[in-house]
Amino acid sequence: MELRKSYFADVRKDDLHEIGQARPRSDSPGHVTGKTAFFADRNFPGMLHLKMVRSPHHHARIRSIDTSEAEKHPGVVKVLTAKDVPHNVYTILILIQVGPEDETVLADGKVRWRGEAVVAVLAETERAAQEAAAKVKVDYEVLPAVFDMEEALKPGAPIVNEYHGQNYYLYDSGECRKVRFGDVEAGFAEADHVLEQSYQSSPIEHAPTETTGCIVVPEGNDRFTCHTNTQAMFFTLDNTSIILQMPGSKLHFVGGTVGGGFGGKVDVIVEPIAILGAKLTGRPVCFVYSREEEMQISSPRAAEKVVIKDGVMKDGRIVARKVTGYTDAGAYSRHSPYGAQKGAGHYPGPYTIPNVWIDTYCVYTNRTPSSAMRGFGVTIGDFALEVQMDKLARLIGMDPLEFRFINAYRDGDMKAHRQPTEGAALIECMQEASRAANWPVAEKYMAMSSYVKGT
Amino acid sequence: MAIRRGRGVAAINYPTGMNLGGDPTQALVHSTPTGNFMVTLSSVDLGQGMKQIMAQICAETIGVPTDRVVVDTADTDTGPHCMGTFASRGTHRAGNAVIQAAKEARQVMLEVAAEELEVNASDLETDGQGNILVKGAPQKSISIFDVALSAHFKRGRSISGRGMFLIPRSYPEKETGAMKPSTCYAHACTVAEVEVDDETGEVTVLTVKNVFEIGRALNPKMVEQQLVGGSWMGISHALYETTEPYYPNRDHGGTDFNQYLMPGPGDLAETEIIVLERPSADGPYGAKGPGEMCANPQIPAVANAVFDAVGVRIDTLPITPERILRALKAQAN
Chain A
0 MELRKSYFAD
10 VRKDDLHEIG
20 QARPRSDSPG
30 HVTGKTAFFA
40 DRNFPGMLHL
50 KMVRSPHHHA
60 RIRSIDTSEA
70 EKHPGVVKVL
80 TAKDVPHNVY
90 TILILIQVGP
100 EDETVLADGK
110 VRWRGEAVVA
120 VLAETERAAQ
130 EAAAKVKVDY
140 EVLPAVFDME
150 EALKPGAPIV
160 NEYHGQNYYL
170 YDSGECRKVR
180 FGDVEAGFAE
190 ADHVLEQSYQ
200 SSPIEHAPTE
210 TTGCIVVPEG
220 NDRFTCHTNT
230 QAMFFTLDNT
240 SIILQMPGSK
250 LHFVGGTVGG
260 GFGGKVDVIV
270 EPIAILGAKL
280 TGRPVCFVYS
290 REEEMQISSP
300 RAAEKVVIKD
310 GVMKDGRIVA
320 RKVTGYTDAG
330 AYSRHSPYGA
340 QKGAGHYPGP
350 YTIPNVWIDT
360 YCVYTNRTPS
370 SAMRGFGVTI
380 GDFALEVQMD
390 KLARLIGMDP
400 LEFRFINAYR
410 DGDMKAHRQP
420 TEGAALIECM
430 QEASRAANWP
440 VAEKYMAMSS
450 YVKGT
Chain F
0 MAIRRGRGVA
10 AINYPTGMNL
20 GGDPTQALVH
30 STPTGNFMVT
40 LSSVDLGQGM
50 KQIMAQICAE
60 TIGVPTDRVV
70 VDTADTDTGP
80 HCMGTFASRG
90 THRAGNAVIQ
100 AAKEARQVML
110 EVAAEELEVN
120 ASDLETDGQG
130 NILVKGAPQK
140 SISIFDVALS
150 AHFKRGRSIS
160 GRGMFLIPRS
170 YPEKETGAMK
180 PSTCYAHACT
190 VAEVEVDDET
200 GEVTVLTVKN
210 VFEIGRALNP
220 KMVEQQLVGG
230 SWMGISHALY
240 ETTEPYYPNR
250 DHGGTDFNQY
260 LMPGPGDLAE
270 TEIIVLERPS
280 ADGPYGAKGP
290 GEMCANPQIP
300 AVANAVFDAV
310 GVRIDTLPIT
320 PERILRALKA
330 QAN
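The listed protein sequences correspond, in order, to chains A and F. Counting in numbering that gives the first Met the number 0, the first sequence runs from 0 upward without gaps. Counting in numbering that gives the first Met the number 0, the second sequence runs from 0 upward without gaps.
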C-alpha cells in the first residue's frame, strides 16, 4: 500500500503523534497464537444445546405440530413452540420506528420460507437435540409460493407476508422510496442517445469464519448473561427485551472479538430464543449455527434488480438518469426496507446529473429473508451504475475513464437528494488510477480538481 | 479458441455511517491511579481492529503513547450505548465519541497538572510521551504518572470524560426525496485486468489497482489489511459467490465451502492499494468509513474488463464461466 500525500496536502495536517502511525495491533498476538477468546470458547456445566426444526416448504400453512415423540427422546430437556415466546411477532427496526412487526421467532400457523424456524429443541447434547428435532411432526398444507420479484409484484400473486398485505414494503412515500430532481423526461428528449439496461444480482453469503451463535447463562441474581458474537450489543439486547417481554436490566450481553461480521450478525436471531430456553430450563444454553445454517438460513445479501435509463450527449454529459431498483427482501423485512431506501439516497452515483428520477422498491418473496451485508443498498447499485457508465462511454465512442471525469461530482454540486456535494475526491482517485494503471487521459482531466473553483 | 485479455475501470463513492443518521455511539474515558487510560465502549470489534484504533484515537487526544490506553468494549453492563458495528460507522461514530470523552479527561488532567506546577492549565501541553510541559519552558514539566497519582490521592479529582456522537436523523421528503443520507463520503477508483478463456469461460483476474480516498489513514497498516481484504471480497463477489446459483430458482444452494465458491490463495490477483486522504469535516482526525466501500469497485471493474476481453456483457452477478459461455454462444449465433 502507498499513501499519496501530495493530494489534499493543503487541507490536511500531518503532525500527529499516534494517528497515522502503523502501531501493531494489540490483539494480533492473541489471534495468531489462538489465545483470543471467542464466545464459543466458553463451556458451562449443565449446558444445553438448541437445535431448530425448520420448514421444508417455501410457503405452507401449519395444520398441527406434534412434539410428543421429540419430548420423549433421551436427553431432551425442553421443546419450545410459538406459544412459549412472549412477544413472538417482531421486527428489529422497530427500535428506530420502522415497522410493522412482521416476523415470528417460531412459526405460528404459517411458514413463509424454506428453513424458517418452527420448533426449538433443547437437549443435553447437540446430537440428542438434532435427533429429537427430526422426531417433531409438523403437518403442513403447502401453499403456492412466489420467488420472482416481478411475479410477486403482479396483481393476484400469492401474498408472502400478511403483516404487509402486499408484496412490497409500504414507505410513507408509497410503494417505493422516491427521489425527483429536475425533469427527467425533458432530459431524455434533449439527449443525443438514450440507453436503458437492466442488471441483476444473486443473493450471497457473508461467509464469516465464525458462524452466528451465543451461549446464555442464567445467573443467581435472576439475570441472564448472553455471550454473543452480535455486531450490535444494545440493538440485540433491546430487541430481546421486547421479544421476551423481559426488562432490559435482566439482560447482560457480553461480546468481544467477533470472527467476521460483514453485516451477517446484525439480525436478532439466536439470542432471544436461547435466553428463553435458559429461562425456562434454568440451565445454560448454547445456540450456534452450523455452516449449512449460516449459508442457507442466515440472511444473505439481497438479490437486486436495477434498471437504469440514461440520456447522454455526444460530448459526454449525462443529462438524465432514471433508476428503478428492486431489493428482494425474502419473506420478512429485517434490514431490507432500510437497504432499499439507502439505494435511493445513493443513486445516481457520484456524478452530477441535472435530471434524476429514482424509485427503489423492497419486495417480499418466499425465500430466506435477506438483510444487512457489507455495502447493501449500494454495492449492487454500483455494479449496475458503473457497467452502465462503461456502456455509455462506448456508445458515444469515448474513453470510459475520460467519460467519468466529465460527469464526476465536485464540491458544491447539488445532488439529486438535494444536498450540496462536500469533500469530493472522485476526480483525484481517477487521476491517481490513471497514473497507477498507465491508462492515460487528456491533460485537461489531469488538471481537474474536486475543489470549488476559486477556493 | 484463445485466452483474451481485457481491462475495466469503475469509480464510486460510499457514505459513512447509518443511512440518514440517527445512530448514536457513546464513550467513557478514565485514568487509572498511575496514569493509564481506560476507554469504555459497547462497540463490537469484528476483527477489523476497532479496539486498536480507539486506543490510538484516545492516545492522540489525551497526549500519551497508545500503549498506555486500554479499551474495554462489548459489555452492556459496563459500556455506554453504541448502535453497533456496521454501515462503515465504527471508526467514525465511536472515534468521535472517544475524542469528546478524551478531551474532557485531558482537561481535568491539565487542571491537576497546573495545580502541581502552579501555572495556568492553558499554558500546558503534552509531549505525546507521557509528560505535561509548560509551553515555551519545557524544563518545567510533570509526568502524567505523577498527575494521575496527585488527582487520585491528593486532589480528589477524577480524570475522566464522557463522549457522545450523534448525527441527527434525516427524514426523506415524500415526493422529492430531499434528504441527508450521510455527512461524508469515501471514494474509490479501481482498474482491473483480466484474462478470459473463451473456450471454458474461466476468468482470471491478473491485477487490480485500487485507489481509495478514505479521509485519514488512522493506522496505515490496518487500513491496508482492510482494503486488501475488501478488494479480494469484491473480486469474489464479481466472479464466484451466490447462495442461489440459478436465482430466482431456490435449488442448488451451497451448504459448505465445497459448494459455495470463493477464490482461494491461488486465485488471488496481484493487488495494488493506493490511499488518498482528504480529511472529512466531521471525521475523527478526518477519517471516513471505507469498510464497506473497499469491496465495491472491483465488481463493475471486473465486469467491464470481461467485456473488454471477449465483447460480451454479463449483467447478472456472479459472472460465472457458464454465463460467459452462453453469452459467447449467443453472440456467435
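Hints are computed from structural coordinates only; laboratory data are not their basis. Source: prediction; values computed, not measured. Be careful, since some hints might not be right.
What the simulated footprint calls covered on chain F by chain A, stretch by stretch (three residues with Cβ under 8 Å from a Cβ of chain A suffice, anywhere in the stretch; the number is not a length) [unchecked claim]:
id: 1; segment: 134-142
id: 2; segment: 204-212
id: 3; segment: 270-281
id: 4; segment: 306-319
Built from N, CA and C at the ideal position, the CB exists for glycine as well.
Comparing the hints with the structure gives:
A stretch counts as covered by a chain when three or more of its residues have a beta carbon under 8 Å from one of that chain; for the segment 134-142 of chain F and chain A the count is 0, and the coverage is violated. Judged by the Cβ-Cβ criterion of 8 Å, the segment 204-212 of chain F is covered by chain A as claimed, because 4 of its residues qualify and three suffice. Counting residues of the segment 270-281 of chain F whose beta carbon lies closer than 8 Å to any beta carbon of chain A gives 10, which meets the minimum of three for the stated coverage. Evaluation of the coverage hint for the segment 306-319 of chain F: fulfilled, as 6 residues show C-beta separations to chain A shorter than 8 Å, against a requirement of three.
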